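J.: One letter stands for each residue in the lines below.
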Amino acid sequence: MTLSNIVYYEPRTLTEIFKLLKGLNSVRVMAGGTDLLVDLKQGLIDTRNIISLHKIRELKGIEKKNNTIKIGALTSIQEIISNSLINQHIPALADAAKSMASHQVRSLATIGGNICSAVPSADLPPPLIAAEATVDLKCLGSSREVPLSDFFRGPRETICRKEELLTSIFIPLQPPNTGMSYKKFTPREATALAVASVAASLTLKNGVIAKAVIVLGAVAPTPVMALKASKSLTTKEPSEDSFQETALTAKEESKPISDIRGSIWFRKELIYVLTRRALDEALSRAQGKLE
Amino acid sequence: MKNFRYIGKEAPRPDSADKAAGKAHYIHDLQRPGMLYGKIKFSEHPHARIKHIDTSKAERLAGVRAVITANNTPEIRFGFLRDNLALKKDKVRQYRDEIAAVAAIDPDIAEEAIDLIEVEYEPLPGLFSPEEAMKKGAPLIHDTDVQGRPRTDNLLSLQFHHESGNLGDGKRASEYLIEREYSTPLVQQSCLGTAGCIAEFDMNNNLTIWAKTQIPFLAQRDFNRALSDMGLQGKNSRVIVPTLGGGFGSGLDTHAYEYIAILLAFQTGRPVKIVYNREEEFAYLSPRQSTQSRIAQGCDRNGKLTFREVEVLQDNGAYTSWGATYPSVMMLPATSLYRVSNIYFNARLVYTNNTYCQAMRGYGNPELNWALESNMDELAEEAGIDPFEFRMINCNEPGETTPMGLKVSTCGLKECLESVAQKLDWKKKHKKSNLRGVGMASLIHVGGGGRIYRSDASGLILKLDDFGNVYAYHGGVEMGQGLHSVLTLAIAEALGVRPENVFINPTDTGTCPWDIGTHASRGAFMACNTAILAANKLRDKIFELAEEVFPKEVEKNLKKFREKNPGYNPPEFDFKKEAKSDCFELQDGFIFIKKGPREAWLRLELARLLRAVHFRNQGQMLTAEVFYDPPNVLPDFEKGFGNISATYAYGTQGAEVEVDVETGEIRILHLVAAHDVGKVLNPLALKGQIYGALAQGVGYALYEELQSQQGKIMNPNFRDYKIPTALDMDFPIDLEFIETDDSFGPFGAKGVAEPGLVPTAPAIANAIFDAVGVRIRDLPITPQKVLVALNKLKQSQETPRRKRVNKGT
Chain A
1 MTLSNIVYYE PRTLTEIFKL LKGLNSVRVM AGGTDLLVDL KQGLIDTRNI ISLHKIRELK
61 GIEKKNNTIK IGALTSIQEI ISNSLINQHI PALADAAKSM ASHQVRSLAT IGGNICSAVP
121 SADLPPPLIA AEATVDLKCL GSSREVPLSD FFRGPRETIC RKEELLTSIF IPLQPPNTGM
181 SYKKFTPREA TALAVASVAA SLTLKNGVIA KAVIVLGAVA PTPVMALKAS KSLTTKEPSE
241 DSFQETALTA KEESKPISDI RGSIWFRKEL IYVLTRRALD EALSRAQGKL E
Chain B
292 MKNFRYIGKE APRPDSADKA AGKAHYIHDL QRPGMLYGKI KFSEHPHARI KHIDTSKAER
352 LAGVRAVITA NNTPEIRFGF LRDNLALKKD KVRQYRDEIA AVAAIDPDIA EEAIDLIEVE
412 YEPLPGLFSP EEAMKKGAPL IHDTDVQGRP RTDNLLSLQF HHESGNLGDG KRASEYLIER
472 EYSTPLVQQS CLGTAGCIAE FDMNNNLTIW AKTQIPFLAQ RDFNRALSDM GLQGKNSRVI
532 VPTLGGGFGS GLDTHAYEYI AILLAFQTGR PVKIVYNREE EFAYLSPRQS TQSRIAQGCD
592 RNGKLTFREV EVLQDNGAYT SWGATYPSVM MLPATSLYRV SNIYFNARLV YTNNTYCQAM
652 RGYGNPELNW ALESNMDELA EEAGIDPFEF RMINCNEPGE TTPMGLKVST CGLKECLESV
712 AQKLDWKKKH KKSNLRGVGM ASLIHVGGGG RIYRSDASGL ILKLDDFGNV YAYHGGVEMG
772 QGLHSVLTLA IAEALGVRPE NVFINPTDTG TCPWDIGTHA SRGAFMACNT AILAANKLRD
832 KIFELAEEVF PKEVEKNLKK FREKNPGYNP PEFDFKKEAK SDCFELQDGF IFIKKGPREA
892 WLRLELARLL RAVHFRNQGQ MLTAEVFYDP PNVLPDFEKG FGNISATYAY GTQGAEVEVD
952 VETGEIRILH LVAAHDVGKV LNPLALKGQI YGALAQGVGY ALYEELQSQQ GKIMNPNFRD
1012 YKIPTALDMD FPIDLEFIET DDSFGPFGAK GVAEPGLVPT APAIANAIFD AVGVRIRDLP
1072 ITPQKVLVAL NKLKQSQETP RRKRVNKGT
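Line by line, the protein sequences are chains A and B. Its first residue numbered 1, the first sequence is counted upward by one per residue in the working numbering. Its first residue numbered 292, the second sequence is counted upward by one per residue in the working numbering.
Keep in mind the hints are simulated off the structure, nothing from the lab. As the structure is a prediction and not an experimental result, all values here were calculated from the model. Yeah, the Cβ is synthetic: ideal placement off N, Cα and C, and Gly gets one too. Heads up, a few of these hints could be off.
Claimed, not checked - Some chain A residues well away from chain B (every beta-carbon gap over 10 Å; in silico): (1) V27; (2) Q42; (3) H54; (4) L108; (5) T178; (6) V273.
Unchecked claim - With a straight-line cut-off of 20 Å between C-alpha atoms, the simulated EDC-like cross-links for lysine to aspartate or glutamate are: (7) K41/A x E402/B; (8) K1076/B x E189/A; (9) K1076/B x E669/B; (10) K41/A x D951/B; (11) K705/B x D716/B; (12) K268/A x E956/B; (13) K98/A x D406/B; (14) K1003/B x D259/A; (15) K268/A x D951/B; (16) K41/A x E571/B; (17) K1076/B x D259/A.
All chains should be modelled from the sequences, with the hints used to inform the complete structure.
T.: Printed below as a string of structure tokens:
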């Protein structure tokens, strides 16, 4: 479709945005535009109005406050890759960011856009959910903070209401002896969506796994926590056998579909392999063996 | 081999700087005054009757200048079998069938208008595989042939067949025999510059069309026929080729969008531009055919091939392009790659409701080479012979005439095989079973033109100006492959001027002599042969004139020289007496007397000679024209016999891979490509061409597949249709060029444009087998296929063992 019949807004303040969101009927918010414009051109979505965020400076940037890292929704993927706070505290998020698209797309695309597009194969949500991130949803006169794990409802569907804007992502600093990893399978090295992906987080206490979170991507309508698999590791000593068993559980928990990128069978096999590899790397990081 | 001044030396391509700087003008950049934008309405069904088309809403949209359908325009038939219509009338036979088109003042309005056209269909059952289409009682995709005779099945009438020796004898003589089936997918040419054209009529109703084509002169013929169909008998079309962002075979036919632009331009009286966007390019442009082949081969105890049986089934799609004649090229490897007597080859082509296909780099060769070279390894395994040794035992040799009647003038296949084995460290790495493996595959291809039409010729006009510059008018098409680079060097070398003084004019049927088209790896072979012939002609003229001009001008030189160097004593040499037409030499734009001393004054600048003869009374200017038709013959494809090319290109490629047995992922560690190119013309351009071909070969092997579901293309974009990126080509590549100095080749060179991607896929598949013991027979080799095969292999290895245990207990 053509974009000529769309009204384009470029507000300079959040208040203006909230007013527009409330007042307009058919409206979409544009951050980097790398999903939205493609979807519009292909006729996958239809809208009369576009509100661009790119003049809102306060939505950009990464900062540490108390025990939380705050990432502005408009922070580009490239900024996440090269940010020292991220590389120091949640390198798995930088890994996920690095695996996305191409340099050109990463320079435009934003973390808020990657979350709000709610594509099942999105790369940032799994490690963010594994890190127990929350998101700030704001509208005129109110705001609410929700865990990212509760944010997605289905492919391209979230709990974000029409008048709301996702403004920031909060990631709690991880407890000591925590390691995270993101593993993704793609058919080629760059510009490829995940066929399946796994984020894992392990926290060790006295040589035993105190807490484990495993999140699966591209194998369900939304990123999903593999709850059984995660639980099966707590209080266990990390070992090849326990990781293998957990990986099998994660494989059983996954509910992929068959499409042009891979069959159900293949995706389940990948979940098994990727879970094991993610746990291995998370363990090394928790033990301080990496970086 | 002769010593050359420019040929064989690295030289940047003359077009590369402009392309890198964004100064080259592609069809997308071109504008004409008053130009309108055309857009096409494509079918929403793979097979249906068109009940009704309502264009009234589109016509009423402001800014729309024309809306056309088959109902308000003359019928224009086109295609290799003329079974296609520019605008479809009663029936659609594929998703991409053109139903209507608009011309509007801007692209957005054109697009909006297209969405306002309403079409009522009556869906018909679709046929989406050759098997379905060949079933008894299957619905007919074309009810009649072009002559209007009723058809009885969906098979194409084209016949490609070869039989030689005696298959039965061959099979009986076989100690080892293997028969397998292989398949290849639909693949897109993936040109970075998408397809498009601008059509414009003058007030005399003659057409000028800027077209993205590789066949300007056949296109002129096609377009003139269309003008005739439009009631413009005797009117002419002029085809101008803008800078092309890749061709890869996609420009070997004329296309419906071109005829539609012509119809819209005629109707509106204004230039009309149609350019495909990426999604349209993927969904509505013809890709490479998908094929299935069955190969049986045998060998005796010593590994000598005893017979070869090849059957090919090609999904033609709904209409027929030149690409339907792929089997004409498949015959080459089928009959002539390695020495084998007792051959059977047969190809069938079937209409389906899938997208119709066209040419792509290699033209049938990669498809059959995939099957043949995979099968060679399978037979070697069966016979317990090393695949490299097996190929050496059956290697082609110079001087042989193959069962198809190909006359092999030079052949560097043995050297290519040896080079690949050495560079891969074959003896050390083959059969190591450590998840890493090596594999190789070879090829034969036309290397001296390829006669698939009654003329295989190419012309060249050279024009000299007052400044010693040479302008070339050549009908071949530069599409990014480097044709203008080698033509420049060839003219400079053959004539004796500097490459900086050679200018290649844009390809234009109004100014350039006829050329069959830039296909079949013939561009450099043909252009450089015409360059040598034209340069010889031109030099003869120059030397004839020099007889008169040289003594006078050199006398002046000497006078000036003496003024500057008083006391100078010239060497004993009577240049006035020696200045005879057959005694001159031209080098870097200066005329010398061959046996004379090399004094600075004893030479004449070409530019001065040209001005001298131009500005005298009854002056003259120099041009030369030649027309070269190579010594090859149009084969009888129904019998599969005839020396289609003047010479043949050979090559071997090798791969080392590593397989992740948990995910099925394949990592290429090393690629080697050794090609018999006759003679390297420009090493820089040649390397670029082979690197590019290898990337395309890797794409064919591992990534590329246009996925069609019920005739609809499911991945019409570069996100879902995967070609390798630079990151996927991040491994060492070794190139080796074998120079066999072919007597038919210009400076000894053969064509090499297509060969670079022909054997890449089987080399990789053979390496995968060597690494993990699984054999993938359908391209592309995706991780999923490898993992499935690994699982099957594991099960088959476990099952017998368990049985044995059971027996024991």
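J.: Would you pick out the hints that fail for this structure and give their numbers low to high?
T.: 2, 6, 10, 13
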